[in-house]
Amino acid sequence: MVERVDLAIIALVLIGIIVASGTMYYTATTLSNISAMSDDLITLTDGVTELTGSIDDLATITSTLAETVNASVAEIADLKARLAELEATLAVRETLIVGTTDSVELTLDPAQAYDYFGWNMLQQISGTLVSVKPGSVTGSDFVGDLAASWNASADLKTWDFNLRQGITFPGGVAFTATDVKYSVDRAIALIPRIPEGAPAGLGYDLIFDRTEVLSTYKVRFHLKFPFSPFLGILAARSSAIVDQRYASIAQINYTAANPRASTPVAFVGPYTLVRWDRVAGRDNEIKLDANPNYWDLASGLPELKHIIFRFYRDAATLRLAIEARDVDMAFRHISPTDVLDLENNPNLRVWWGTGAQIQYLCFQTERAPFDDKRVRMAVAAALNRTAVTETVFLGLAKNLYSIVPPGMLGHTEAFKDAGLDENYALTQSLLTQAGYSTSNPLEFDLWYESSGHYPSSADQALLYEESIEAAWPGAIQVTLKSAEWASYKSNRDSEIMDAFIYGWYPDYVDPDDYSFLYWASWLHTNYSNSTQVDLYDQARATSNETLRTQLYAQIDDIAVDQCSVVPLWVSGAWAVTKPTVYGIYLDITQDMRYWLISK
Amino acid sequence: MRKTKTKLRSILSSLIPGLSSLARRGPSGWMVLVGIAIVSSIVIMTAIAPWISPHSPIASRVGPIRASPSLQFPLGTNHLGQDMFSRILWGGSLMLQVSALSVLICFLVGVPIGLLASYTGGMVDSTTSLVIDAVYAFPGLVIAIAIAAMLGPGVVNMALSIAVVYIPSYFRIVRSQVLSIKELTYVEAARAAGAKWHTILFRYILPNVIPSIVVVVTINFADAVLTAAGLTFIGLGVAKNIPDWGWDLTDGRQYLGSGAWWIITFPGIMIVLLALGFTLIGEGLSELLNPKLQR
Amino acid sequence: MGLRTYVITRILLTIPTLLLLLSMVFVIMRVLPGDPVALHFEKKADPAQMDAMRRILGLDKPLWEQYADYLLGIVDVNYFVAHGYPNLGKSMQTFEEVGGQIFSAFPATLELALYSMAIASVVGILLGVASSKAYNSIPDHLIRGFGTVAYAIPVFFLGIIFQLIFGVYLGWLPTGLRINPRVDPPATITGLYTIDSLLGGNPYKFLESLKALLLPSLTLGIILSGIFVRLTRSNMLETLRLDFVTAARARGLKEGTVTYGYALRNAFLPVLTMMGLQFAMLLGGAILTESTFSWPGLGSYIVQRINFRDYTAIQGAVIMFGLFVTLVSLVVDILYAYFDPRIRL
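Chains as they are written, first to last, in numbering that gives the first Met the number 0: chain S, 0 to 598; chain H, 0 to 294; chain G, 0 to 344.
Some hints could be false.
[What the hints assert, rightly or not] Rough simulated footprint, nothing fancy, chain S against chain H, three-plus residues with beta-carbon under 8 Å: (1) 72-85; (2) 208-220; (3) 252-258.
Derived by calculation from the structure, the hints in this document are not laboratory data. Glycine included, every Cβ here is placed at the ideal spot set by N, Cα and C.
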């Protein structure tokens, strides 16, 4: 009996040891932190002494004031309190707290970053030669950012840029053409070391031939082929100008507690990065402060002095946060249901805009049943896009009838004009031609991604299955299959999926970044078409918009005939804010320009 | 063949008086009965669902989207306009299948390994315990996720991934029981009398081990139901065109903020009831069969 | 065999167990479909880029070499001394030190586990004792009912209900994150926000982090308390019937002393071992709770990393978890061997 008590004590001790061994890591950090703290304490005490001195001065002035104004002590105290309140309100008024479910994926190094949020952050703190005008519909109205003017040669292979003069990096170093050359050269040089980065993905080494510094403020790009969407590449965040003092030829990675060392870009944008906190590969907090070095300070931008980002895990929690007004603004991602609800909330304001994310259906053309283009067209004709955009996305997504989204040059309604939407008669006649019937049904697998990489994939797939089978009841049997993202990609590469749903969002807003999806080799649909490729190459070699429109329309015509890839829908864009927030542009670039937002 | 028939008949014939005798055994007996009642009603409900369900559980837009409970749709509709009442009737099927299958796998794998390894003793026992301990030290949900990701979605695969997590528990319980019983006098006597190892194992040891296993089985059922829901929550569930309470629980979460409480509440209650039913059986049996409440 | 021999054998056995665990996770990762190289390329990827990535991730080396590097890294003492955590390689997704990432994710999970354990233990033990004293009465049945139902609730279901009631409808508590977004987190000393704010002398931050901690730990705590209630109750019932309790009562000791001073102390051992086991489980990352409450701990870390097939990260997290569970099982087994000599064979 007594032993039991001893045992309990032994057990306690042993378990205590385990817990202690687990927490011994903390002792190590604690000790180092405490020693750091004691250093801080010394600095603090010095600061406090200074403060005390200033407070003494303040006190003297206040007492003199009191004598002069002959006001009672209570009135002075009241005035001080009101001043403090005003200062606090001003600080709050000048800070925007943004809630988001995004997170910087890898780094804020333009040679490596290739995710939406990384690019968005880079846009706030860095500069590029050109950018797209806020509110743009087509995505091709470029304005000069760090460049004042530019022109392209007739063959679209030589591009000259005149840089703005008088821009300096923090610390006074002047921005010149050598910085531009350095940035581009660095991006290209790092491609072999950073194969997953944007310069590699966008093919900088295939686009840029060489960069030439013509004079202090003039730079010339020689391209390897005629490329009319070149401005789009220069406006992309992978072309952000870096500060040579902080950007070696090696890649720059996140350094805890040191925002300046965590990014090589030159802080010439509206904001500087003052705090970047990551925990285990996910952002915890990002804080941006207005940049006194911003080249466009004269325009009165940025509107707000501080931007703080708070990161949430999912759309449901983000909705709760904006509803509880824990944040001033919620952007990416609030679900369609939630945003429509919040529209009815008098304490919040919803902003609507244009989306550029698309979803499309791919067919494996190498084997039955989709090696027969009639079958592909039959299934394409049976799709009920409206059911998905209305039921799953509550009207916040739009039916897409061309791989190029609306607003952009080259957008058509090709698939609709060809009758490839909710056209059960066409489906039946095509399938009969191909030899299918209720006694010989068409059977295939429809795959979707199940780990949330695309919005509501499971619901979408269910509705597509329903509509396809409804086209000819009994003659079509669709088996729904799913895989989480990693396996899904692997399945795509091993070509085991008969039909699968895939998505895309643009790097630069130009049909050049969409049209190739019809025959993209990395989709592994085993479809190729040299005519379409020719038309595509022609379209990127000319800047004549009418000609380009025609060419993309011709590509669409072939696409409708072949149905290798069938566009499904294009997303909308929205943000939710408190009613006191203004200046939100949700244009086709998908860029959120925080410096234009005011409260 | 005849032996099986007679065995079956004796089981069935002892079922009714068995159940009523449970009632006379006090609160533990009541617990078991209530548990059995809950589980069997859910099983029956799922079985007759095809006949009594007013709509197809996966047909979209049979009603308005996210309609609150009404006469026409007694449990409301979800975000795709599917009737929740039909989904509740049909939705238990997946969980029942997955949990039953995983329990079966666990039992068929964990018990024999446990019996053989611990009875043989020595090197075999140590090695097996080692491997099992290593599996046990794996975070449960991570194994389940890894296997589900590896094999893809589906009833069998989900059952497999859940089973792998629980086999160590079966093994350990069986082993601790066998080790205690192995050295008892009457077992030694049987050995001395020349009985073969499989006779000793199945006629002497196994019957004593069964009571503990039964309890683990019921807890396994309950946990399997909850883990299946958890896997669906993370996105490793079955395809969307199979009605499943786990799906409604996962989907319904997004719509709570907009006030559509019925999408998540009813499936949630059903899952709790099912897990509860099994737990009650396990608790009650544990008290009845192990009056000394041995671990 | 004697107790000492058993203990030594058992401790020695943990080494191969851990080795087996390390190897198992290594193999499982590489057997999973999905390629960490391919997952770096959201869009187009040409073979040259993918080869370069493969080299960077060290996946072009033969399998045995990867395995050897992996094991050698873990036992690298210099690295451990320099960094304070073992060399678990670099994350295949973010290229940061895995040890560092786990280290930074761990405090959130530890804090959640500690508070959940505290709630579960206090609620569970108190209710269990009360239930055993009031054997077979209505309160007993109610408490038993609670204990049974509590564990049957899916953790994310209860979490969502709590979020809805306390976060949205009543608006008392925050529904996610470790602290109110308007407040800067306290300076890191231990990584536990509540402790750090107290150490930093900041009662406001303490309150805010406590408020954020309340819902997730309440969710987990209530569900876990179910087990503790039942375990405490059954062990107390057993103990209360023993002779020494009757003797203590006969000697005129107060009921409270008898219950808590004598009976509970003896009934406590199995409950304590269960607490240890559950705590180790919690440290593995309450994956579902963390997802529900946007809690940036080890659990969400693991789930994300599986999606990215981040071999090194998952290996690291699993090893960490495995270590805890193995150690706790070791202690439990030794204790039981002390109790029951038959087990030592």
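Checked hints:
no., hint, in the structure
1, 72-85, "holds (count 3)"
2, 208-220, "violated (count 0)"
3, 252-258, "holds (count 7)"
Going down the numbered hints, you'll see the structure goes against just number 2.
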